[in-house]
Amino acid sequence: MSLLEINNLTTQFKTNQGTVSALRDVSYQVEAGEVLGIVGESGSGKSVGMLTLMGLLASNGRVTSGTIKFDGEDISPSNLDSKKKRNDYENKMRALRGNKMSMIFQDPMTFLNPVLKIGIQMTEGILAHTKCTKAEARKRAVELMKQVGIPSPKNRFEQYPFEFSGGMRQRIIIAIALACNPKLIIADEPTTALDVTVQAQILELIKKITKDTGTAVIMITHDLGVVATLCDRIAIMYGGKIVEEGTTDEIFYKSKHPYTEGLLKSINNSEKDTSEPLIPIPGTPPDLLNLPKGCAFMARCPYTMKICKAQQPVTTKYSKTHSCSCWLYCMDESYITVS
Amino acid sequence: MKVISQFLRFDGGDIINEKLLEVKDVCKYFEVKRGYKEPQYVKAVNHVSFEINKGETLGLVGESGCGKSSLGRTLLRIYEPTSGSIKYRGDEITHLSKHRLLPYRKKIQMIFQDPYASLNARLTVGEIIAEPMVIHKMYNPKHRIERVQELLKTVGLKPDHIRRYPHEFSGGQRQRIGIARTLALDPEFIVCDEPISALDVSIQAQVINLLEKIQAERGISYLFIAHDLGMVKHISHRIGVMYLGHIVEMGPSNEIYRAPYHPYTKALLSAEPIPDPKSARTKKRILLEGEIPSPINPPKGCPFVTRCPYAMEDCQVAMPNSYKFGDRLVACFLYSPRRLRQRENFSIEPLLNKKQED
Ligand SMILES: Nc1ncnc2c1ncn2[C@@H]1O[C@H](COP(=O)(O)OP(=O)(O)OP(=O)(O)O)[C@@H](O)[C@H]1O
Ligand SMILES: Nc1ncnc2c1ncn2[C@@H]1O[C@H](COP(=O)(O)OP(=O)(O)OP(=O)(O)O)[C@@H](O)[C@H]1O
Ligand code: SF4
Ligand code: SF4
Ligand SMILES: [Mg+2]
Ligand SMILES: [Mg+2]
Numbered sequence: 067m068s069l070l071e072i073n074n075l076t077t078q079f080k081t082n083q084g085t086v087s088a089l090r091d092v093s094y095q096v097e098a099g100e101v102l103g104i105v106g107e108s109g110s111g112k113s114v115g116m117l118t119l120m121g122l123l124a125s126n127g128r129v130t131s132g133t134i135k136f137d138g139e140d141i142s143p144s145n146l147d148s149k150k151k152r153n154d155y156e157n158k159m160r161a162l163r164g165n166k167m168s169m170i171f172q173d174p175m176t177f178l179n180p181v182l183k184i185g186i187q188m189t190e191g192i193l194a195h196t197k198c199t200k201a202e203a204r205k206r207a208v209e210l211m212k213q214v215g216i217p218s219p220k221n222r223f224e225q226y227p228f229e230f231s232g233g234m235r236q237r238i239i240i241a242i243a244l245a246c247n248p249k250l251i252i253a254d255e256p257t258t259a260l261d262v263t264v265q266a267q268i269l270e271l272i273k274k275i276t277k278d279t280g281t282a283v284i285m286i287t288h289d290l291g292v293v294a295t296l297c298d299r300i301a302i303m304y305g306g307k308i309v310e311e312g313t314t315d316e317i318f319y320k321s322k323h324p325y326t327e328g329l330l331k332s333i334n335n336s337e338k339d340t341s342e343p344l345i346p347i348p349g350t351p352p353d354l355l356n357l358p359k360g361c362a363f364m365a366r367c368p369y370t371m372k373i374c375k376a377q378q379p380v381t382t383k384y385s386k387t388h389s390c391s392c393w394l395y396c397m398d399e400s401y402i403t404v405s
Numbered sequence: 002m003k004v005i006s007q008f009l010r011f012d013g014g015d016i017i018n019e020k021l022l023e024v025k026d027v028c029k030y031f032e033v034k035r036g037y038k039e040p041q042y043v044k045a046v047n048h049v050s051f052e053i054n055k056g057e058t059l060g061l062v063g064e065s066g067c068g069k070s071s072l073g074r075t076l077l078r079i080y081e082p083t084s085g086s087i088k089y090r091g092d093e094i095t096h097l098s099k100h101r102l103l104p105y106r107k108k109i110q111m112i113f114q115d116p117y118a119s120l121n122a123r124l125t126v127g128e129i130i131a132e133p134m135v136i137h138k139m140y141n142p143k144h145r146i147e148r149v150q151e152l153l154k155t156v157g158l159k160p161d162h163i164r165r166y167p168h169e170f171s172g173g174q175r176q177r178i179g180i181a182r183t184l185a186l187d188p189e190f191i192v193c194d195e196p197i198s199a200l201d202v203s204i205q206a207q208v209i210n211l212l213e214k215i216q217a218e219r220g221i222s223y224l225f226i227a228h229d230l231g232m233v234k235h236i237s238h239r240i241g242v243m244y245l246g247h248i249v250e251m252g253p254s255n256e257i258y259r260a261p262y263h264p265y266t267k268a269l270l271s272a273e274p275i276p277d278p279k280s281a282r283t284k285k286r287i288l289l290e291g292e293i294p295s296p297i298n299p300p301k302g303c304p305f306v307t308r309c310p311y312a313m314e315d316c317q318v319a320m321p322n323s324y325k326f327g328d329r330l331v332a333c334f335l336y337s338p339r340r341l342r343q344r345e346n347f348s349i350e351p352l353l354n355k356k357q358e359d
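Chains as they are written, first to last, in the numbering used here: chain A, 67 to 405; chain B, 2 to 359.
Next comes chain A alone, as it looks inside the complex (with noise of 0.2 Å):
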């Protein structure tokens, strides 16, 4: 039994222009003690996957699908009809999270308290979730703090979150997230503030806390270097999809969809001549609250068929590990339903 089993999940917003389909039918697995990478466009419903397997949708979001088990347990957001169900996964959630289940936001400003002082906030959770005294609390703080690398952690106690820099807070925010020994931890973008040897030493700690205790992570980015160095496995989102599936190797020497094909290419590293154009992928990403009938990436394919504007792409298996969701993999005509 895998740790965390997600299928089918769907999460749409109300908004005053319609309907926004931000997740649509994702489902994938995470093991105990591994690394999955989650990459996608900005927009593609990355955070908005892992606020709804958190339970901390905006109050205009809505599960419409999908099951969640998470440790044996099941947390399925959606089909909560009665009062009673809703506030029996409220509690469920309130006792996993910040304790089995841990989140290192993007934006650390979100999640500090701006007029609480940085150890108060490291204490309280430690506090809240293990029996200990606050002095056990405030050593146990200190100790995450110096792992984390945060230079004369007593000092830094008493002070206040502007005054740390944005690389530091976010270095307090994993620190926060280790404290209770989640078995999950769902990183949000949580090494793009950071500069690289610091982020090095963060990667090499999120490595060592995943072999030591077999806490699993989700590691979300836009970095392919944070994957290619970290990760075991990737899952490409595109248009609120998981578009492609693979084991790290799998997605960068064996990829297959044409978005994956893109955003290789769209690498940059200092090994590069300055003077080589970069290459983005052209075009916008789609319009959530108007998707295509057929693939998302349509408009911005190069490979674009008739097929494709039709009718959703089919995922094909490659390996057990490795899937994709495109027509230009699916010879089986069977497959297609419309004429």
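Please note that the accuracy of each hint is not assured.
Derived DEER-like restraints, expressed as beta-carbon distance ranges [claimed, not checked]:
no. : chain 1 : residue 1 : chain 2 : residue 2 : range
1   : A       : Thr133    : B       : Leu103    : 34 to 44 Å
2   : B       : Lys159    : A       : Asn145    : 45 to 55 Å
3   : B       : Val33     : A       : Lys331    : 42 to 52 Å
4   : B       : Arg342    : A       : Glu270    : 37 to 47 Å
Facing chain A, a subset of chain B residues (Cβ under 10 Å, in silico) [claimed, not checked]:
no. : residue
5   : Val62
6   : Glu132
7   : Asn141
8   : Gly157
9   : Val202
What the hints contain is simulated information worked out from the structure, not anything from laboratory work. Beta carbons are placed, not taken as given, at the ideal position from N, Cα and C, and that holds for glycine.
On the provided structure of chain A, position chain B with the ligands as indicated by the hints.
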């Protein structure tokens, strides 16, 4: 020189040898009082000097907390400099009053690190982008709307997003809204504080190409702060490497990447994550050990001394000078004339390899 530069027309991406910004010995200290008898200071920016030419991009890299954002904000006078001088087109702007600074505010803009905090949640996207034009009384209302739509297209959003609110957008989309807003005033100099870290790679490439295109067309100068070394190298003509408030190395970007001089620059470049799983598995990193110094209580000598694998006795007591080699500057005793006489050349690679082997 002044006369000649009037005849130099700007065409397509060349740097014009005309100083736009001159920064001399700028310091920014923050006071921290709490619990101590004497006030203490965070020395976020410490005696920094550099120049930026018209049409040039200066990249700024360095550890988180080393003072990059503080420096950017001090240049814009969002923070008041503690000491030093900032000149814009030869005019001293360090101590100008708010009112007299206004014309410069229009010309010097900033793209912020944090796309969440920098957008007003109660305004629509259209109002956000138009706001600076309204404040500076530019264009009539109809023309403004056209311009907003045009700007939205430039940054890869849809013109009809104009009536939506920031919370309806993802982090990356919000950053693009911020960029559109910055471009609204036709600035000459933009401090880009990690403008792309919230964006995914394919859009990063679009934004970088966009910033380069704007620069080629209008001759804008950038101070480009980022953690992504590949991108900084791509967009920058020159690079400054910052450590604990000091600029420790500066020079043409290709040269610095090809042959970094300062020990910190070497460690920084070696830590870059490579977007290729096979080489990522084999890559050797210089992992920095030792205490990370605090800007409240910086080391007495070289700021890097606590973690530097080459640290010598001199480094504990004195701050190294900036040594100049052609276009390059490096602040490290390894490059003092005395040390250089002992070594055959600039390379300190052998020492490094030896360190890694033990
Ligand atoms: N509360 C909301 N109301 C309406 N639409 C929303 C809401 N939250 C998110 N969305 C929309 O859902 C889509 C997915 O957003 P999400 O934040 O998951 O993107 P993302 O993949 O995390 O992007 P990024 O990499 O930029 O953070 C976006 O198009 C966004 O505009
Ligand atoms: N308003 C402030 N008051 C007190 N200290 C501050 C303030 N702003 C920044 N600092 C301190 O100044 C130092 C430099 O911070 P700064 O935000 O400039 O770093 P940075 O290089 O931009 O880092 P990052 O890459 O993490 O954004 C840090 O030690 C920070 O704690
Ligand atoms: S299904 Fe068609 S449009 Fe979509 S990615 Fe594949 S080839 Fe391109
Ligand atoms: S001056 Fe000394 S401590 Fe500083 S970087 Fe050079 S060798 Fe290292
Ligand atoms: Mg996101
Ligand atoms: Mg900063």
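task = Could you check if Asn141(B) really has its C-beta closer than 10 Å to a C-beta on chain A?
result = The hint is violated - Asn141(B) has no Cβ within 10 Å of chain A, the shortest such distance being about 28 Å.
ask   = Quick one: are Val33(B) and Lys331(A) within 42 to 52 Å, going by C-beta?
value = With a Cβ separation near 47 Å, Val33(B) and Lys331(A) satisfy 42 to 52 Å, so the hint holds.
task = Return holds or violated for the Cβ distance of Arg342(B) and Glu270(A) against the range 37 to 47 Å.
result = 39 Å, holds
query = Do the numbers back the hint for Gly157(B), that is, is its least Cβ distance to chain A under 10 Å?
reply = Holds: closest Cβ of chain A sits about 5 Å from Gly157(B), inside 10 Å.
Hinted contact Glu132(B) with chain A - closest CB pair below 10 Å = 22 Å, violated
ask   = Is the distance from the Cβ of Lys159(B) to the Cβ of Asn145(A) consistent with 45 to 55 Å?
value = Roughly 34 Å apart at Cβ, these two residues miss the hinted range, so it is violated.
query = Measuring from the C-beta of Val202(B) to each C-beta in chain A, is the shortest one below 10 Å?
reply = 5 Å, holds
inquiry  = Taking 34 to 44 Å as the stated bounds, is the beta-carbon spacing between Thr133(A) and Leu103(B) within them?
reply    = 58 Å, violated
inquiry  = A closest beta-carbon separation below 10 Å is what the hint needs, so does Val62(B) meet it against chain A?
reply    = Hint on Val62(B): holds, closest Cβ of chain A at ~7 Å, below 10 Å.
Hints 1, 2, 6 and 7 from the list above are not met by this structure, while the remaining hints are.
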